[in-house]
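Participant: The residues making up each chain are set out below.
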Amino acid sequence: MDARKAKIRTFLSRFFKNHELGDEGDIFALGFVNSLLALQLVNFLQKEFEIVVDDEDLDLDNFRSINNMNAFVERKNAISAK
Amino acid sequence: MQLELSKEQSEQRVRFRSFVQEHIVPYAAQWDSDQRISPRIIEQLRQHGFLGAPIAQPAGPGMDAITYGLLTEEIARGCSSVRSLLTVHDMVALGVLRWGNRELKAEIGSGIARGELLCALALSEPEVGSDATAVTTEARPEGDEYVLQGRKKWTTFGQIADLFLVLARCEGKLAAFLVPAKTAGVHRTPMTGIVGTRASLLAEIELKQCRIPKHYLVGRVGFGFSHVVSQVLDHGRYSVAWGSVGIAQACLDACLDYTAKRKQFGVELREHQLVQRKLTEMIANSRAARLLCYRAGYLRSMDDPGAMAETLVAKYFASKNAVRAANDAVQLHGANGLSEEYPVSRFLRDAKVTEIIEGSTQIQQITIAKYPFGEI
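Top line first, the protein sequences correspond to chains D and X. For the first sequence, our numbering gives the first residue as 1, with consecutive numbering after it. For the second sequence, our numbering gives the first residue as 1001, with consecutive numbering after it.
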């Protein structure tokens, strides 16, 4: 789980230079997320963790923080494992 | 590192070129003059599987990104208005299939994948262009329906499209809706007298209390621009980038032919060094644009998250190069370049469009400058 969070942090750190992003940090509140990054984040999560982000997954809370993204990926993995 | 087309991709390119030479090049000037491409070419595109080509079909996967780029370049080499049909249909179809719900996809998925239902993007409005998030078209939920009201402008192939992807404001947030053209309250007004890609059947679309089923919402409310339209425009930029390479190549082909035949001061134009300079610039820059497109296509085929940013760069460079190449092509043709006897004035008009659509050059500059690119 920590490895997954580390991968998400590494990906985001390119876009949040000069800002130490904590696990609970709200990436939308920081004001750096434009539509390019929002969609790129979806593509990153899909490719890196082999999940499919569906239309019903479009909820800002799923992508708000590293912890939220980690939990979201975990839920998607649990669903696909069933 | 390998920069080489596969055997299949090379064979496909030959097939595309042959199709364009037979079905597009002889008619492009007439379509431009008529301000409409013919229904016959649309049917031929369908029959050859060129509409909806990147979409997976029951028979197999969709066309890979590089092959799709080659198709787009070849089509644009013949006619940018035909290229713009592929661009708008494919980008909306892919966006709807990516973010539409199961019920919607079950209804229209196979029709748009085969190009039987033509798609168009109804994004811009009379007062809204680059700042797309400022759209004023409204959508309100009412029972099992959404009711849409507003006016869209510059909708490519809006005169004949079967489905419009509409960006609207819903409960204060942006949302994307698929609106069938047959919906009561949809009125389309043809736009004529357009300077470039003028056979692409532009229209203004008025939505007067249009009622659509709830499941025609694409994505979720609040994600209409950030995820749905952004995804759509990303594909559009990839297509326009390759289309720009096609225009530049068409300019180069026309100039190599013209400067080899036309004589001034006792020798062929190509023997003059200042002509050679222009030809060299066209050759080098067109190859550079194509390489940027290959890179974007390669990353897209790997589902690399960085593909969107590389596509921005490819579109930015390729569209600027198309304008430069077309401008030089007209110059090399002299007075002939200003006449309809030669295609280069059409190429110049069409090239200018690529610098404006799917994000203008200036919007690309803002986005690219801020993006944290890594090393290639």
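Worth double-checking, as some hints may not be accurate.
To be verified - Label-pair distances were calculated between CB atoms; the ranges are:
(1) D/Glu56 / X/Glu1138: 52 to 60 Å
(2) X/Pro1141 / D/Asp59: 17 to 25 Å
(3) X/Gln1209 / D/Lys5: 43 to 51 Å
(4) D/Lys17 / X/Asp1303: 51 to 59 Å
(5) D/Phe28 / X/Glu1103: 44 to 52 Å
(6) D/Lys5 / X/Glu1375: 21 to 29 Å
(7) X/Gln1002 / D/Ala3: 43 to 51 Å
(8) X/Gln1047 / D/Ser80: 35 to 43 Å
Keep in mind the hints are simulated off the structure, nothing from the lab. Yeah, the Cβ is synthetic: ideal placement off N, Cα and C, and Gly gets one too.
Participant: Does each hint hold? Answer for all of them.
Facilitator: Hint check results:
| no. | hint | result |
| --- | --- | --- |
| 1 | D/Glu56 / X/Glu1138: 52 to 60 Å | violated (24 Å) |
| 2 | X/Pro1141 / D/Asp59: 17 to 25 Å | holds (18 Å) |
| 3 | X/Gln1209 / D/Lys5: 43 to 51 Å | holds (49 Å) |
| 4 | D/Lys17 / X/Asp1303: 51 to 59 Å | violated (25 Å) |
| 5 | D/Phe28 / X/Glu1103: 44 to 52 Å | violated (30 Å) |
| 6 | D/Lys5 / X/Glu1375: 21 to 29 Å | holds (25 Å) |
| 7 | X/Gln1002 / D/Ala3: 43 to 51 Å | violated (31 Å) |
| 8 | X/Gln1047 / D/Ser80: 35 to 43 Å | holds (38 Å) |
Going down the numbered hints, you'll see the structure goes against 1, 4, 5, 7, while the others check out.
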